[in-house]
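A.B. asks: First to last, the protein sequences are chains A and B.
Using the numbering used here, you'd call the opening residue of the first sequence number 1 and step up by one each time.
Using the numbering used here, you'd call the opening residue of the second sequence number 1 and step up by one each time.
Some hints could be false.
Stated by the list, open to error - Mimicking DSBU-like on lysine-lysine, the simulated pairs with C-alpha atoms at most 30 Å apart in a straight line are:
#	chain 1	residue 1	chain 2	residue 2
1	A	K433	B	K451
2	B	K451	A	K183
3	B	K183	A	K433
4	A	K451	B	K239
5	A	K11	A	K183
6	A	K451	B	K409
7	B	K11	B	K365
8	A	K183	B	K183
9	B	K327	A	K451
10	B	K409	B	K183
Since the hints were made in silico from the structure, they are not lab data.
Take a look at the letters that make up each chain.
Protein chains: 2
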Amino acid sequence: MNVSTDLYQRKPLPAGFLDDARTLIGDRLQTGEAIRLQHGSSETHFDPVLPDAVAFVHSTEEVAALVRLCVATDVPIIPFGAGTSLEGNVTPIAGGLTIDLSEMNAIIEVNQEDFDCTVQAGVRREQLNEYLRDQGLFFPIDPGANATIGGMASTRASGTNAVRYGTMREAILSLRVVTPDGKIIRTARRARKSAAGYDLTRLMIGAEGTLGIITEITLRLHGIPEAISSAVCSFDTLKGAVDTVVQSIQIGVPVARIEILDDQQMRASNAYSKLDFPELTTLMFEFHGSERYVREQAETVGEIAAANGGGEFRWSNLPEERSQLWKARHEAYYAAIGQRPGAVGWSTDVCVPISRLAECIVETKADLAVSAVPSTIVGHVGDGNFHVIFAIDPAAPEEMREVQALNDKLVARALAMDGTCTGEHGIGLGKQKFLVDELGDAIDLMRLVKKAIDPRNLFNPGKIFQL
Amino acid sequence: MNVSTDLYQRKPLPAGFLDDARTLIGDRLQTGEAIRLQHGSSETHFDPVLPDAVAFVHSTEEVAALVRLCVATDVPIIPFGAGTSLEGNVTPIAGGLTIDLSEMNAIIEVNQEDFDCTVQAGVRREQLNEYLRDQGLFFPIDPGANATIGGMASTRASGTNAVRYGTMREAILSLRVVTPDGKIIRTARRARKSAAGYDLTRLMIGAEGTLGIITEITLRLHGIPEAISSAVCSFDTLKGAVDTVVQSIQIGVPVARIEILDDQQMRASNAYSKLDFPELTTLMFEFHGSERYVREQAETVGEIAAANGGGEFRWSNLPEERSQLWKARHEAYYAAIGQRPGAVGWSTDVCVPISRLAECIVETKADLAVSAVPSTIVGHVGDGNFHVIFAIDPAAPEEMREVQALNDKLVARALAMDGTCTGEHGIGLGKQKFLVDELGDAIDLMRLVKKAIDPRNLFNPGKIFQL
Numbered sequence: 001m002n003v004s005t006d007l008y009q010r011k012p013l014p015a016g017f018l019d020d021a022r023t024l025i026g027d028r029l030q031t032g033e034a035i036r037l038q039h040g041s042s043e044t045h046f047d048p049v050l051p052d053a054v055a056f057v058h059s060t061e062e063v064a065a066l067v068r069l070c071v072a073t074d075v076p077i078i079p080f081g082a083g084t085s086l087e088g089n090v091t092p093i094a095g096g097l098t099i100d101l102s103e104m105n106a107i108i109e110v111n112q113e114d115f116d117c118t119v120q121a122g123v124r125r126e127q128l129n130e131y132l133r134d135q136g137l138f139f140p141i142d143p144g145a146n147a148t149i150g151g152m153a154s155t156r157a158s159g160t161n162a163v164r165y166g167t168m169r170e171a172i173l174s175l176r177v178v179t180p181d182g183k184i185i186r187t188a189r190r191a192r193k194s195a196a197g198y199d200l201t202r203l204m205i206g207a208e209g210t211l212g213i214i215t216e217i218t219l220r221l222h223g224i225p226e227a228i229s230s231a232v233c234s235f236d237t238l239k240g241a242v243d244t245v246v247q248s249i250q251i252g253v254p255v256a257r258i259e260i261l262d263d264q265q266m267r268a269s270n271a272y273s274k275l276d277f278p279e280l281t282t283l284m285f286e287f288h289g290s291e292r293y294v295r296e297q298a299e300t301v302g303e304i305a306a307a308n309g310g311g312e313f314r315w316s317n318l319p320e321e322r323s324q325l326w327k328a329r330h331e332a333y334y335a336a337i338g339q340r341p342g343a344v345g346w347s348t349d350v351c352v353p354i355s356r357l358a359e360c361i362v363e364t365k366a367d368l369a370v371s372a373v374p375s376t377i378v379g380h381v382g383d384g385n386f387h388v389i390f391a392i393d394p395a396a397p398e399e400m401r402e403v404q405a406l407n408d409k410l411v412a413r414a415l416a417m418d419g420t421c422t423g424e425h426g427i428g429l430g431k432q433k434f435l436v437d438e439l440g441d442a443i444d445l446m447r448l449v450k451k452a453i454d455p456r457n458l459f460n461p462g463k464i465f466q467l
Numbered sequence: 001m002n003v004s005t006d007l008y009q010r011k012p013l014p015a016g017f018l019d020d021a022r023t024l025i026g027d028r029l030q031t032g033e034a035i036r037l038q039h040g041s042s043e044t045h046f047d048p049v050l051p052d053a054v055a056f057v058h059s060t061e062e063v064a065a066l067v068r069l070c071v072a073t074d075v076p077i078i079p080f081g082a083g084t085s086l087e088g089n090v091t092p093i094a095g096g097l098t099i100d101l102s103e104m105n106a107i108i109e110v111n112q113e114d115f116d117c118t119v120q121a122g123v124r125r126e127q128l129n130e131y132l133r134d135q136g137l138f139f140p141i142d143p144g145a146n147a148t149i150g151g152m153a154s155t156r157a158s159g160t161n162a163v164r165y166g167t168m169r170e171a172i173l174s175l176r177v178v179t180p181d182g183k184i185i186r187t188a189r190r191a192r193k194s195a196a197g198y199d200l201t202r203l204m205i206g207a208e209g210t211l212g213i214i215t216e217i218t219l220r221l222h223g224i225p226e227a228i229s230s231a232v233c234s235f236d237t238l239k240g241a242v243d244t245v246v247q248s249i250q251i252g253v254p255v256a257r258i259e260i261l262d263d264q265q266m267r268a269s270n271a272y273s274k275l276d277f278p279e280l281t282t283l284m285f286e287f288h289g290s291e292r293y294v295r296e297q298a299e300t301v302g303e304i305a306a307a308n309g310g311g312e313f314r315w316s317n318l319p320e321e322r323s324q325l326w327k328a329r330h331e332a333y334y335a336a337i338g339q340r341p342g343a344v345g346w347s348t349d350v351c352v353p354i355s356r357l358a359e360c361i362v363e364t365k366a367d368l369a370v371s372a373v374p375s376t377i378v379g380h381v382g383d384g385n386f387h388v389i390f391a392i393d394p395a396a397p398e399e400m401r402e403v404q405a406l407n408d409k410l411v412a413r414a415l416a417m418d419g420t421c422t423g424e425h426g427i428g429l430g431k432q433k434f435l436v437d438e439l440g441d442a443i444d445l446m447r448l449v450k451k452a453i454d455p456r457n458l459f460n461p462g463k464i465f466q467l
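Looking at chain A on its own, in the form it has when it is part of the complex:
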């Protein structure tokens, strides 16, 4: 997608900037084109825009020093984690300095008794869970990609476990942040809850780096459940699948994950992940608890599924079957794109009240059915959140326009149902016009906050909204 460059005419870096930055971090300041391209590209449909330089930082103090330099010299600053965001959230459209936090990947402390840990922003979620496993703990937020915790905080990520464990909004106790005035603050203490002043933690979560740079995160953890089981069930009708979810939640079953994959996605996933599931609308479940309680949950949901026209309820407590199932779910995006060799992916994201979910997906599928662009639907159905993944032919510009029109229609539908234009991917570059449709005058309040905290508009400029 082309980004308007009118608003963001790049200025050359001021004389001496690179030398000054090298004084701070030595040859961890990089200006080679390959590195810059890597930090200006996205996994999806956004055209690359290169930063002027990339700083591989090793400490909060280094970030603060670079922030002070950038602010003193009017250079834009873009924080970067794993580069797995989907709405152009870290594309440096005004140029400037990308701060790559991936080498700040230390797990600083784990407080087992308190179920919390503090990590540097560049720690990745898989790394964290491998580290925690021996202590009987886990970090539940799982957006699919092996993202950094800092990036997940900045986009308010969620994913497959959110129906039970919440999103990054609930998972974070405290942040260490470098603010645009170059100070290092901590947004809260390590207590589980607090009523002490404005919720700066939540202000920074989902701000996509526009209000400061998150360098450390204190996270809530959970005990690894005594037992985990999974189940898969196919449905002839989408409504039967969604009704199964709604009724399971209504009756109070604390399902850990409930994912929906449509027939198109099941076809793609069978091919990509070497599976043999029926190519029908499918629910994947995971249950957490004691041995007895996990079985009870699965039995209850199995009965509900049967009453809603579900097929065989394939229940399993074997770790290998479970990991095969969730590997397929994690690979869904690549499976969807992989249907069409050389395709460019575009994954959109809406979230609606669950009572409207079946209707929203059915109407969307009718639109997709008459499109020439292959697409699949996957969703965190317990939250009312789903994605359409398009596989676009990069040589056919009319396909990009068609997907834009389909996305416009999908988001308008979600908003008409009192939903949101993004459940978890953020606004970035791609969803700005929809944010206006969604929140109207409330965006003025966001602008006031942005201008007060970052008066020179240097922190990830041009993201979320236009000033």
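Let chain A serve as the given structure and place chain B on it in line with the hints.
C.D. replies: What follows is chain B alone, placed relative to chain A:
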């Protein structure tokens, strides 16, 4: 407690203000001294300060009209719900207009399938739960007092159910707010989660009315569990009680409530609520789930309690026994004050990482034991949150000073343990110096936000921090 009046010299209302306000809401603008005293007094130790007038509003549009009038004429505006806050949060120290929202008490809609509802800010939590009961739903946040939902939002309240269901931070999906520019905004849609821009919802939650006036709240609800049971258990040692809590959570038992009451509180509660519990450190539990699962949870916790020196584990699934137990807990504050006829109450509030809770309470009890002022301890122990309730002789100014010193010491101890100076009561007037100790430079960021949104400092001025 005396409030400094140097910073908040009252200005008389501008000529014509009362007439203009009456044009907007007629005789629901009140200036009688009794009404003003009621809106300037607190349930605790803060000296009354009277507003110049009180507006009993009936709609968001009326609030917006009054806000525009106040801003145009430089008159302070203080939102008021049930007046049950504990840190002087609604004391109108600069005078001005108190906006009483208690008559905005309509339940606007309940979406049973989506587990949410939208209410006006003046709805009280007991009223809401009575209304929801027939639909099989409940709203779990229970701070003890029968507060308004708007007030609970503004102080980021929590209470006895937070260990399982979270606090107001997690319970709110969206807010309708009148902002200082007189506009009416909605902070989010009704979707269960969203990554659409800055988290204005969480910015308003806990802002104590300093950034705008909340007039409607969309809340997450929960299904009434199939079964609810409760249990009480006494312990010879405080450590045994706290270890029981930590181990129960560690093993993953999803206890709905775990409350601690110390020996002093049990003595007071036995007298006040006509009970015959042992006058020892006591835990009160509530378990939610299916019949079978509730029994399993209670058995597990009972075994853990026995291993930690707990006495008889009095388990019950009878509604009348349960309501007797929780009635005693809800009356704890009045029981504590009632120990000393005519006493003035002071309830303080800290929250620490749970690994430090036993130590924090033990050290605090040692301080309390040598004080002349009667006091009790109650706490939401699953969160690491506890209160000391003092019953102060109003005729003995030295007692007020002694409690101030004890409070200083308690908060310093909690902060040294990486805790917070308030888990749920808010900062108001009473905790401002502690907020500085807790968050330091981060308060500058709060000030930037406040000045940007309320540049004339008219919204509940003088609360949370000094500008």
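A.B. asks: Each of the hints needs a verdict: does it hold here or not?
C.D. replies: Quick rundown of the hints versus the structure:
1. A:K433 x B:K451: Holds, at about 28 Å.
2. B:K451 x A:K183: holds, 19 Å
3. B:K183 x A:K433: Given pair K183 (chain B), K433 (chain A) holds - Cα atoms ~21 Å apart, limit 30 Å.
4. A:K451 x B:K239: Status violated; Cα separation ~50 Å.
5. A:K11 x A:K183: With a Cα-Cα distance of about 26 Å, the restraint between K11 (chain A) and K183 (chain A) holds, given a limit of 30 Å.
6. A:K451 x B:K409: violated, 39 Å
7. B:K11 x B:K365: violated, 45 Å
8. A:K183 x B:K183: violated, 33 Å
9. B:K327 x A:K451: Roughly 49 Å separates the two Cα atoms, so the pair is violated.
10. B:K409 x B:K183: It is violated: about 43 Å lies between the C-alpha atoms, which goes past 30 Å.
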